[in-house]
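Enquirer: With chain A fixed as given, assemble chain B onto it according to the hints.
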Amino acid sequence: MNVLKADQMLSLEDMRYAAPEGAEVEIAFRNVSKRFGSLLAVDDLSLEIHKGALVALLGKTGCGKSTMFNMISGLMSPTEGTVEVMGNSPFSDFNSYRGKMAIVFQSDRLLPWRSAVKNVEFGLETLGLSAAERTERALYWLNALGLRGHENDYPHALSGGMRQRVSISRAFATDAPLLLCDEPFSALDEITSRRLRTEFARLVRENKKTAVFITHSIDEAFDIGDRIVVLKRPAEIALDLRMSADIGDADRERIRSTIHDTLDT
Amino acid sequence: MSDVASDRQSLAEPVFDIARWAFWLAAPFVLIAVAWQVASLFFPPFLFPSLIDVFARVWTILTTWSQFTSVLATAMRILGGLAGAFLLGAVLGVAIANFRAADRLLTPTLTFFQGIPALSWVVFAIIWFHGVEFRILFIMVITTLPAFTFQIVGALRGMDKDLLEMVMSFRPTRWKFFTAMVLPAVLPEVITAWKVNLGNASRVVVVAELVGSSGGVGYQLLQQQQLFDMAGALAWTLQLVFFVLLFQWILSKFEQVAVRHRSKSERS
Numbered sequence: 001m002n003v004l005k006a007d008q009m010l011s012l013e014d015m016r017y018a019a020p021e022g023a024e025v026e027i028a029f030r031n032v033s034k035r036f037g038s039l040l041a042v043d044d045l046s047l048e049i050h051k052g053a054l055v056a057l058l059g060k061t062g063c064g065k066s067t068m069f070n071m072i073s074g075l076m077s078p079t080e081g082t083v084e085v086m087g088n089s090p091f092s093d094f095n096s097y098r099g100k101m102a103i104v105f106q107s108d109r110l111l112p113w114r115s116a117v118k119n120v121e122f123g124l125e126t127l128g129l130s131a132a133e134r135t136e137r138a139l140y141w142l143n144a145l146g147l148r149g150h151e152n153d154y155p156h157a158l159s160g161g162m163r164q165r166v167s168i169s170r171a172f173a174t175d176a177p178l179l180l181c182d183e184p185f186s187a188l189d190e191i192t193s194r195r196l197r198t199e200f201a202r203l204v205r206e207n208k209k210t211a212v213f214i215t216h217s218i219d220e221a222f223d224i225g226d227r228i229v230v231l232k233r234p235a236e237i238a239l240d241l242r243m244s245a246d247i248g249d250a251d252r253e254r255i256r257s258t259i260h261d262t263l264d265t
Numbered sequence: 266m267s268d269v270a271s272d273r274q275s276l277a278e279p280v281f282d283i284a285r286w287a288f289w290l291a292a293p294f295v296l297i298a299v300a301w302q303v304a305s306l307f308f309p310p311f312l313f314p315s316l317i318d319v320f321a322r323v324w325t326i327l328t329t330w331s332q333f334t335s336v337l338a339t340a341m342r343i344l345g346g347l348a349g350a351f352l353l354g355a356v357l358g359v360a361i362a363n364f365r366a367a368d369r370l371l372t373p374t375l376t377f378f379q380g381i382p383a384l385s386w387v388v389f390a391i392i393w394f395h396g397v398e399f400r401i402l403f404i405m406v407i408t409t410l411p412a413f414t415f416q417i418v419g420a421l422r423g424m425d426k427d428l429l430e431m432v433m434s435f436r437p438t439r440w441k442f443f444t445a446m447v448l449p450a451v452l453p454e455v456i457t458a459w460k461v462n463l464g465n466a467s468r469v470v471v472v473a474e475l476v477g478s479s480g481g482v483g484y485q486l487l488q489q490q491q492l493f494d495m496a497g498a499l500a501w502t503l504q505l506v507f508f509v510l511l512f513q514w515i516l517s518k519f520e521q522v523a524v525r526h527r528s529k530s531e532r533s
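Sequences listed follow chains A and B, in order. Residue 1 is where the first sequence starts when you use our numbering, and the numbers rise one by one after that. Residue 266 is where the second sequence starts when you use our numbering, and the numbers rise one by one after that.
Rather than coming from a laboratory, the hints here were simulated on the basis of the structure. Nothing here was measured: the structure is a model prediction, and the numbers come from that model. Some hints could be false.
Listed below are the simulated SDA-like cross-link pairs for lysine to any residue, each with C-alpha atoms no more than 25 angstroms apart in a straight line [as the list claims (entries may be wrong)]:
| no. | chain 1 | residue 1 | chain 2 | residue 2 |
| --- | --- | --- | --- | --- |
| 1 | B | Lys441 | A | Gln106 |
| 2 | A | Lys51 | A | Asp189 |
| 3 | B | Lys426 | A | Lys51 |
| 4 | A | Lys232 | A | Ser217 |
| 5 | B | Lys441 | A | Val117 |
| 6 | B | Lys518 | A | Asn95 |
| 7 | A | Lys51 | A | Gly87 |
Just chain A, same shape as in the assembly (with noise of 0.2 angstroms):
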């Protein structure tokens, strides 16, 4: 067991999250509930990311994250309260967010009757690109995770991580400023894992992207996250921490710590 010097260290209140100066809100819950009959998923949320912002979401199986992430997509709406993005709500403004977000799933949700690249180029197709512009852009980012030679095959020729491999280049080739992950990799081995979300984290952050990623797992939060928002059932902000260059080991073991008791009570 490791034992730290309190003065090497810095105090949860250091590292916790605070909105840089002038950052333009992309994301806001404001006094969001959402109820499922008489289960209630999400009680009286309120929350800000803040635009280029690379936050993880990180909570236990059922603690709403998911509830949450439908709601950003518009794929849900809130029962009370109001759920913003880019100043307009995702749910009653679905079709204003064509091209402005792209979502990883859990899943790769390939359409299995498009071979990978038109599966990249399903998102370019719904906004209006030309043929030869979608396969250029498609193929671009098949190439660029690493997906060469494997263009033309169908999802079922292709392994769990080259699928989700297909399905991060869709989301990037629309180059959609918001991107949504929702566990994308926690149905790979942890090898493949580790290295899809080092490779996604670099895009994010090349891209200048703003990515919401949500996680059940710490050690995925803590690669991924330069903010991490823990939270409880029912997805009530237990923890908002910020993660950065100046934290060092001592502290990330720290706050590793903190986390698992915090989802472990």
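Expert: Positioned in the frame of chain A, the structure of chain B alone reads:
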């Protein structure tokens, strides 16, 4: 030396495979033909005519325009009826899959219709309508409509919810949603529905023509029955069988293209 032997073996294997496939394809038909031909040696021609006579009649029908038009008329009635039932079934299927009220009204009605025998519809059509072609079209549509509708409803309801959500997340237009998601998802079941209904339709059309028409394979069968001409009856029946087999083959080829993305187990 061993290389040459190996080459010969690798060349021989596909030939044997094709021969084996052809043998098993032909075997049941050869068996029926032999049994019929043997029977023709022991029974009078009005019961079991020689297959030579039967195929001579088949050839005559195929090469005589006035007779072949009867085959075409029946084929067009089958396809027209199926197309009508499919289009109407698609509209009703979409309504049932999307609207609860439509489901509550139409599902029991179509189930009730399904219980009415085809022959009863023939009688109703003769009483209700004057035009021969309209009668037959009505009978064809009404007898195949419930099956088409229910198969389309099943296909629509069976669409993968996860894929639907993924497609919706890109905010497609209605047309893009239909062409990229709905159509490819339901196509395999639609093809199966056509295959199943083709067999049903070929049986119903003969009954409809037998009772209420002055042309077509059914009408010709009635003529052969009145003349006690078994060779003619068999020859006209074979025309219908050929048409069904041909159209089934076309549907199978189309299906092979439509579902080429599906994985195949090596063991299967």
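Enquirer: Run every hint past the structure and note whether it holds.
Expert: Hints and how they fare:
1. B:Lys441 to A:Gln106: holds (24 angstroms)
2. A:Lys51 to A:Asp189: violated (31 angstroms)
3. B:Lys426 to A:Lys51: Violated, at roughly 31 angstroms.
4. A:Lys232 to A:Ser217: Roughly 14 angstroms between the alpha carbons, so the hint for Lys232 of chain A and Ser217 of chain A holds.
5. B:Lys441 to A:Val117: holds (17 angstroms)
6. B:Lys518 to A:Asn95: Given pair Lys518 of chain B, Asn95 of chain A is violated - Cα atoms ~39 angstroms apart, limit 25 angstroms.
7. A:Lys51 to A:Gly87: holds (12 angstroms)
The structure fails hints 2, 3 and 6 (numbered hints given earlier, in ascending order).
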